[in-house]
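**Q** Respectively, the protein sequence lines represent chains A, B and C.
In case it helps, the working numbering puts the first sequence at residues 22 to 367.
In case it helps, the working numbering puts the second sequence at residues 3 to 336.
In case it helps, the working numbering puts the third sequence at residues 2 to 289.
Hint data in this document are derived by calculation from the structure and do not stem from the laboratory.
Treat the numbers as computed from the prediction; the structure is a model and nothing was measured.
For each residue, glycine too, the CB sits at the ideal point set by N, CA and C.
Any given hint could turn out to be false.
[Unchecked claim] Computed Cβ-Cβ distance ranges for the label pairs, DEER-style:
1) C:R183 to A:G242: 54 to 64 Å
2) C:W57 to B:F172: 21 to 31 Å
3) B:A57 to C:F25: 51 to 61 Å
4) C:W57 to B:R247: 54 to 64 Å
5) A:N319 to B:V333: 35 to 45 Å
6) B:E67 to C:W57: 49 to 59 Å
7) B:V333 to C:F177: 31 to 41 Å
8) A:D257 to B:A15: 41 to 51 Å
9) B:F172 to A:H122: 57 to 67 Å
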Amino acid sequence: MSVDPAMAADTGEPGSLGPILSVRSLQAHFRTTHFGINRFVRAVDGVSFDVKRGEIYGLAGESSSGKTTLVKTIAGAIKPPLEVVGGTIEFAFLPGYGGLHRTPPAMVAQIRWRHLSYIMQGSMSLLNPVRRLRQSFIDFARPHLAGTGKEFETAVIGHLARVKLDASVLEAYPHELSGGMRQRAIIALATICRPDFIIADEPTTALDVVVQKDVLGMIRGIQREIGSSVLFVTHDMGVHAHLTDRLGIMYAGHLVEEATTPEIFHNALHPYTKHLISSLPRIGDDVQRKGLEGAPPNLADPPPGCRFHPRCPQAMEVCSRRVPEMVETASAHRVACFAVNGGAEP
Amino acid sequence: MSGYLAYIAKRLAQFVLVVFIGINLAYVITHATPIDPVEQSISAVTSFGNTSPEAIAQMRISLRELYGLEGSALHQYLVFWKRILRADFGPSLSAFPTPVSTLIARALPWTTGLLVVSTIVAWVLGNWLGGLAGYYRKSRGLKLLGVIAMGLHPMPYYILALLLLIVFGFLWPVLPIGGGSAMNLPQAWTWAFAASVLQHAVLPALSLILIGVGSWFLGMRSLVSNVVTEDYVIYAELAGVDSRRVLTSYVMRNALIPQVTGLAMSLGGIFNGAVITEKVFGYPGVGSLLVDAVYAGDYGLVLGVTTISILGVSIGVLAIDLLYPLLDPRVKVS
Amino acid sequence: MLAILRDLLRYNVEFRFGIVLVGFVFVLSLLSFVSPYPPQDLYVVPPDAPPSLTYWLGTTSRGQDVFWQLTFAIRNTLLFGCTVALISRVLALVIGLLSGYKGGWIDRVLMSVNDTFIVIPLLPILVLFYFVMRDSMSWLMLALIMACLGWAYDARLIRSVAISLKTREFTQSSVFSGMSTREILMQEHLPYVMPIVFSTTMNNMIWSIGLEVTLAVLGFTDINTPTIGGMIYWANQHTAMVAGIWWWIAFPTIAVIMTFIGLFLLAVSMNEYIDPRSRLGRMGRVTS
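Assemble the whole structure, with the sequences as input and the hints as a guide.
**A** Now the structure itself:
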C-alpha cells in the first residue's frame with residue numbers, strides 16, 4: 022500500500038475526514054532479563070483513543086504514567102527492552118499496517134519527518150554536538166523536500182524566521198545556542214516538512230517560564246498555519262490549559278479520562294483527574310492543598326482491578342476486582358471509573 | 003577565536019612541562035644514583051679484553067669530562083642543560099668518535115617512519131572496524147573480529163613480534179626478518195631501495211599494527227555502543243536519517259573524540275612497543291640503538307636516546323592535542 | 002560480594018574464561034612451593050631434553066626442568082605484578098581522590114604532573130635506571146620504581162569518580178557535619194571508588210608484567226631471579242630457537258599469554274558489570 026498524498030492535513034475543519042491517528046487497545050511492555058530474572062513492566066496496558074485532524078491533543082499524567090512510552094510506541098521508537106504486545110496504531114496517511122513497527126522500513130523512511138515528526142524529551146541534547154545546525158537540517162529534512170540546495174536553504178531560513186531565529190544559527194554548533202534557541206530550532210526542524218502529525222514530548226519542561234510561553238505560542242502558531250495535528254505530552258496541567266484542544270489523562274499505563282480541555286478543567290469526573298485539577302494553584306485561593314496518599318504503582322506488579330483504587334477516595338469493592346472500561350458519558354467525554362459509570366455486575 | 007588561542011597556550015605549556023620534567027627525571031636518575039656511569043662504562047668496555055691501567059685511568063678522566071661529571075652539582079646541572087639545548091650529547095663510546103647526535107639522526111627516520119605509519123594504520127583501521135562492530139551488533143563476522151581483538155589486545159609486543167618472527171622467519175620464510183633494508187643496497191632514493199625498505203618494514207609494522215588494531219577495536223566498540231544510546235543518535239534514527247549517515251556523522255564522529263585523546267595518551271606505550279619490536283627484527287631505529295647502547299655501556303648514547311624519545315613522544319602528543327579542537331568544537335568554550 | 006561473583010560466574014562467559022585462565026596460572030605458581038629443585042640451581046637434570054613423561058615440559062640448556070622453573074617464574078612474575086599494582090593503587094587513590102575532591106589549583110598542578118607521567122615513554126626511563134644501577138636493581142626495586150611511575154592513568158579515572166561524588170548530597174552533609182577532608186575521602190568516597198580500583202588493578206598488572214617481561218627479555222633486570230621474561234632471556238642467550246629447543250621458549254610464552262588474556266577478561270567482565278549503562282543494554286537480551 023502506498024501513502025495517499027490526498028491525505029495531507031490541510032483540510033480546514035478539524036474532524037471533517039476521519040481521525041489522523043487511531044489507537045486501539047495498545048499494549049506495550051518492557052521486558053527485562055537480568056541475570057536470570059524475568060520482569061515485565063506493563064507500561065502501556067490497553068489504551069485506545071483518536072486524534073482528530075488539525076487538533077492539539079494533550080496527554081497528561083504524572084511520571085511513570087506511561088505517557089512517554091505511549092508516544093514512543095506510536096512514533097515507532099521501539100527497541101528492546103520495549104516490546105509491543107498487542108493492539109493497533111493506525112495513521113490516516115499509512116492505513117493498514119497497525120503501527121510503524123509492523124511497516125516495512127522503506128515505507129517508514131517515507132513517512133518519517135514528512136508525515137510524522139517527533140520532538141523528543143530532553144531537547145538539550147537532541148542535536149549532533151559536533152555538527153553545525155545546518156547539517157542537522159540537511160540530514161533530517163532535505164530528503165523530503167524537492168528543489169535545489171539553494172531553494173532548500175531559502176526555505177529553511179524562511180522557516181527559522183517563523184520561530185524568530187536568525188539565519189546565522191545555521192552556522193552554530195548546538196552548544197553555542199541558548200536553551201530557548203535550541204528548543205526553537207528543534208521545533209523548526211520538526212515542522213519544516215509540514216508534517217501531518219507532530220508528537221511533542223515535554224518540549225518546554227527544561228525552559229524557564231518566559232521562554233516557555235514564547236515557545237508554546239510558536240507551537241500553536243505553526244500548528245494553526247500548517248494545519249497539523251499535535252499530540253502534546255506534559256505533566257504540566259497549566260501548559261495543557263494554555264494549549265490543547267482535547268486532553269487525555271493517563272494513570273499507570275491506562276487512559277482514565279478524555280474530554281475537551283475546558284470540560285476537563287470545569288467538569289472533571291475521574292477522581293484522579295479531579296485531584297490533578299485541584300492541585301493547580303488559583304489566584305486568591307487560600308485552601309491548603311492535600312496530596313494524594315500513596316505512590317504510583319509498580320508497573321511490574323500492578324494492583325488488581327483499577328490501578329488507582331489503592332489511592333482513590335471513592336474506591337468501592339468492585340474497583341479492586343475489575344478494570345473499569347472507558348465509557349462515553351456526555352458528548353465526547355469518556356471516563357473509566359466505576360464510581361462514575363456504575364459498577365454493576367455484568 | 004580567543005578560546006582556541008587559550009587552548010593552544012595551555013597545550014604548549016603542558017608540552018614544555020612534560021619535556022622539562024622528563025629530562026630532569028633523566029638527569030636525576032643518572033646523577034643522583036650512587037652508581038658511577040663512568041665506572042659502568044669502563045667495566046662494560048674493558049670486559050672484552052685486556053686494557054692497561056694507564057689506559058683505564060686516561061679513560062676515566064676523559065669520560066668524566068665528557069659526561070659532564072666535573073664540578074659542583076649545580077655546575078653539572080647547568081652543563082647538562084646547556085648541552086641538551088645544543089643537542090650535544092657528546093661522542094658515542096661504542097662507535098667512537100661518531101657523535102651521539104649523528105647516530106640518533108641516522109636511526110630516527112626509521113623509527114619515526116615505522117611508528118607514524120603503524121600507529122595511523124592501526125588507529126584508523128581499529129576504530130573503523132570497532133565502530134562497525136559496535137553499531138551492527140548482530141554481525142557474526144564482526145563478533146568474530148571482536149574475539150580476535152580480545153586475544154590481540156593484551157598480548158605483549160615482544161611475544162607477538164617473536165611469534166611473527168617464528169612464523170615468517172622459520173616456518174614460512176617469505177619476508178625478511180632482519181634489518182631495515184637489504185644489506186647490499188645503497189641507501190639512496192631509488193625505487194629498489196624504497197621497495198626493500200617496505201619489505202623489511204612489513205613484519206615490524208605488522209607486529210605493532212595487529213596489537214594496535216586489537217586495542218582500538220575494543221575501545222571503539224565499547225564507545226560506540228554507548229554513543230548509540232545518546233539522545234541525538236536516537237533522535238536522528240527516529241527522524242529517518244539514513245542509517246549509514248547516522249553511523250558516520252552521528253555515531254563514529256562523536257565516538258572518535260575520546261579515541262583521539264586515547265591516542266595521545268598511548269603514544270608512550272606504543273613507543274615502548276616499537277623499541278622492543280625493533281630489537282626483535284633488528285630494525286635500525288632508535289630502539290635498537292638504545293638496547294645496543296646499554297649492552298656496550300655507552301652512557302652518552304643511552305642518555306641521548308632517552309632524551310630524544312621523551313622529546314619525540316611529547317611532540318607527537320602536542321600535535322594530536324592541537325588537532326583535537328578540529329574534531330570537537332566544544333573545546334573552545336571551556 | 003560473593004553474590005556478585007556467583008552471578009558473574011553464571012552469566013558472564015568472559016568472566017568464566019578469565020577465572021579459569023587466571024586460576025590455572027595461580028595454581029601453577031602455588032606448585033612452586035613443592036618443587037623438587039631450588040630455582041637458582043643449574044644442571045640438576047640432563048639438559049635439552051624434550052617434553053616427556055619424566056620431564057613434562059622438557060628441560061633447558063642450563064639443566065633445569067622447564068615445568069618446575071616455570072612455576073617459580075610464574076610465581077615471581079605474579080608477585081611482581083601484584084606488588085606494583087598494590088603500591089600504585091595507593092598512589093593513584095591518594096592523588097586521584099585528593100585532586101578530584103579539592104579541585105582548584107591543587108587539581109591543576111596534580112593533573113599536569115599526572116599527564117606528564119602518562120606521556121613520558123617509560124621504557125627508556127626504565128632502561129636508564131637499569132643502566133645506572135645494573136646489578137643492584139633487584140626486582141623489588143624495579144617494582145617500586147614502576148609503581149612510582151605507573152599510577153598516572155588510573156589516578157585520572159579515580160579523579161573523575163571523585164569529581165562526580167563531590168557534588169552529591171551526602172558529601173555536602175559530611176562537610177557540614179564537620180568531617181575533615183581525610184575522613185570524607187576515606188569513609189564516604191572510598192566505597193564508591195573501589196569497583197574502579199578493582200578493574201584497574203587487572204589492567205595495571207598486565208601493564209607492569211608486560212613491561213617486566215620486556216625488560217627481562219632484553220636482560221635489563223635481575224636475571225637470576227626466575228621470571229617469565231627471564232626464562233625467555235636465557236633461552237635466547239642459549240639460542241634455543243635455532244638449536245631446536247622450542248619448549249624452553251614456547252611454554253613460558255604460553256604461560257604469559259594465558260596470564261594476560263585471563264587478567265584482561267576479568268577486567269573486562271568486571272568493568273561491564275559495574276557500568277550501569279551496559280547493564281541496561283544487557284536487559285531485554287534473552288538468555289536461554
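**Q** Mind listing which of the numbered hints don't hold for this structure, in increasing order?
**A** none
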